[in-house]
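Fit chain B to the supplied structure of chain A, relying on the hints for placement.
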Amino acid sequence: MSCADVERFLGAYADGELNPKQRRDLEAHLRGCPGCSARLRELEEQNAALAALRGDELQPPAALKRNLQRRLRRKVVLTLARVLILAVGLALAAVFVPIVIAKDLPPLARALFGLSGLALCAALAPLLWRALWDVKNVVWVRLAVKEEDGQ
Amino acid sequence: MKAVSETAQIDTKLEDAELVESFRRGRMAAYEELFERHGARIYGYLRRLSSDAALAEDFTQEVFLRAFRELRRLPGPVNFAAWAYRVATNLCHDHFRRMARREASEPPPIPAAEDAEAALLRREESAQLEGALSRLPLDYRTALLLKYVEGLSYRQIGAVLLLSEAAVTSLLHRARVEMRRLLG
Numbered sequence: 001m002s003c004a005d006v007e008r009f010l011g012a013y014a015d016g017e018l019n020p021k022q023r024r025d026l027e028a029h030l031r032g033c034p035g036c037s038a039r040l041r042e043l044e045e046q047n048a049a050l051a052a053l054r055g056d057e058l059q060p061p062a063a064l065k066r067n068l069q070r071r072l073r074r075k076v077v078l079t080l081a082r083v084l085i086l087a088v089g090l091a092l093a094a095v096f097v098p099i100v101i102a103k104d105l106p107p108l109a110r111a112l113f114g115l116s117g118l119a120l121c122a123a124l125a126p127l128l129w130r131a132l133w134d135v136k137n138v139v140w141v142r143l144a145v146k147e148e149d150g151q
Numbered sequence: 001m002k003a004v005s006e007t008a009q010i011d012t013k014l015e016d017a018e019l020v021e022s023f024r025r026g027r028m029a030a031y032e033e034l035f036e037r038h039g040a041r042i043y044g045y046l047r048r049l050s051s052d053a054a055l056a057e058d059f060t061q062e063v064f065l066r067a068f069r070e071l072r073r074l075p076g077p078v079n080f081a082a083w084a085y086r087v088a089t090n091l092c093h094d095h096f097r098r099m100a101r102r103e104a105s106e107p108p109p110i111p112a113a114e115d116a117e118a119a120l121l122r123r124e125e126s127a128q129l130e131g132a133l134s135r136l137p138l139d140y141r142t143a144l145l146l147k148y149v150e151g152l153s154y155r156q157i158g159a160v161l162l163l164s165e166a167a168v169t170s171l172l173h174r175a176r177v178e179m180r181r182l183l184g
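Protein sequences, first through last, are from chains A and B.
Take 1 as the starting number for the first sequence in the numbering used here and just add one per residue.
Take 1 as the starting number for the second sequence in the numbering used here and just add one per residue.
Worth flagging that the hints you see were computed from the coordinates, not collected in a lab.
All values derive from a computational prediction rather than experimental measurement.
There may be inaccurate statements among the hints.
To give a feel for the contact side, a few chain B residues facing chain A, derived at Cβ under 8 Å [unchecked claim]: (1) F35; (2) A40; (3) Y43; (4) T60; (5) E130; (6) L144; (7) K147; (8) Y148; (9) H173; (10) R180.
Anything over 12 Å on all C-beta distances counts as not near chain B; from chain A, calculated [what the hints assert, rightly or not]: (11) P20; (12) L30; (13) S37.
The beta-carbon is built from N, C-alpha and C at its ideal position, and this holds for glycine as well.
Isolated chain B (complex conformation):
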């Protein structure tokens, strides 16, 4: 990226909203900076949500392709993180809805080969938690990941899932109850 960075320096201390504005004015370095800030985080979220590395990569690319296409057209200031999580969540949910229609099944658990690899790399507790997360219904898994792994507030989760704060409270409550049941 040196060729780009040399010709189009961007202040890395800028807020996301300023980067979005800068990108709307045609500065591609601002787009690049948004990717640097959020790319890995969105990938990690999608990786946990889908339990599928290839799908997570594909959807991460799709999120940023849409950002490239759509950010210029959206009216007013944009909360990039909330927008990106919303697009990522919708991509994943739509995919599994299509799969469910096709196969009448929930998203697959983490594949066995990956489980073995993951078990070597992670602590037993983390592996157990990730296993329980992967068996949760998609809505519950989404809410728990956004809250505890991504660290979003109820208001921010509401903005991502287009729910009221009361609905987020209720969704998280049901998700925790189910998680507790799965962890035994």
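Only chain A is shown next, with the shape it has when bound in the complex:
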């Protein structure tokens, strides 16, 4: 291993990320090269100084959680409104299309329209499930925000 190779892999060595063969080769070079050994010490000091920044906790603002909950609540209410509008629209379509459009058609065509209405209702089921999930979340977020405000 040349000094240039060592320079390239020294960081990964200091981080413990070399495979055993690379590590052995690099250590063999380090034993005979004071320059690269000094560079390793310098690198380890730099890494340790960077790692020490971990101790300088950058505390998030106290309002972070409350603001997140407010944004969540807005988002959930908007999603809920969209889903409910869509669900009501589709349900109305599923009921009125066969009644209004198909009323003058032969029985077979009416039956087909009826089936399409059922298919639409089946398609609505996941949307309604999602809406119920969102209702639960709205309640949770409201409770959480009220609790935070009360503190």
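Then chain B, alone, in the frame of chain A:
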């Protein structure tokens, strides 16, 4: 949070993956626990990456809003920490790319008023390091923060930045060289 905690107790010893699964089944207390575990850490990472407290708060909220929206839809088990770091990193990088396009500039250094405040609170060496970090190109700063401040392995950094381990090794090498140059 008492009202929620009383009605929806969650085992705080659960692994992140179990919390994500629990949240996918509709338990909001699991989501809350994920925030408690990772919120401050993601904020600190974003604070250092962006050198901007307001931006860091906004992006931290965005990370958890996306978690709320997207975790249920992601297929298979999710490594929450890697996912959150990836979203945080992308938010920050996208923001500065847009800024760079607008202003043809790199992210701003830590504002002067904050520098003075920080200098009072931190050791001189830390302030010097943070200053050098804030002047690094964004990719280098991201890699160094993920490795040495957040303590991620090369494989985990690769998962966050969508890079191979060899590419992470190379990126970190270039970042260290530049950091050394900046520290003089």
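Tested hints:
| no. | hint | verdict |
| --- | --- | --- |
| 1 | F35 | 7 Å, holds |
| 2 | A40 | 5 Å, holds |
| 3 | Y43 | 4 Å, holds |
| 4 | T60 | 6 Å, holds |
| 5 | E130 | 7 Å, holds |
| 6 | L144 | 6 Å, holds |
| 7 | K147 | 7 Å, holds |
| 8 | Y148 | 4 Å, holds |
| 9 | H173 | 5 Å, holds |
| 10 | R180 | 7 Å, holds |
| 11 | P20 | 16 Å, holds |
| 12 | L30 | 17 Å, holds |
| 13 | S37 | 16 Å, holds |
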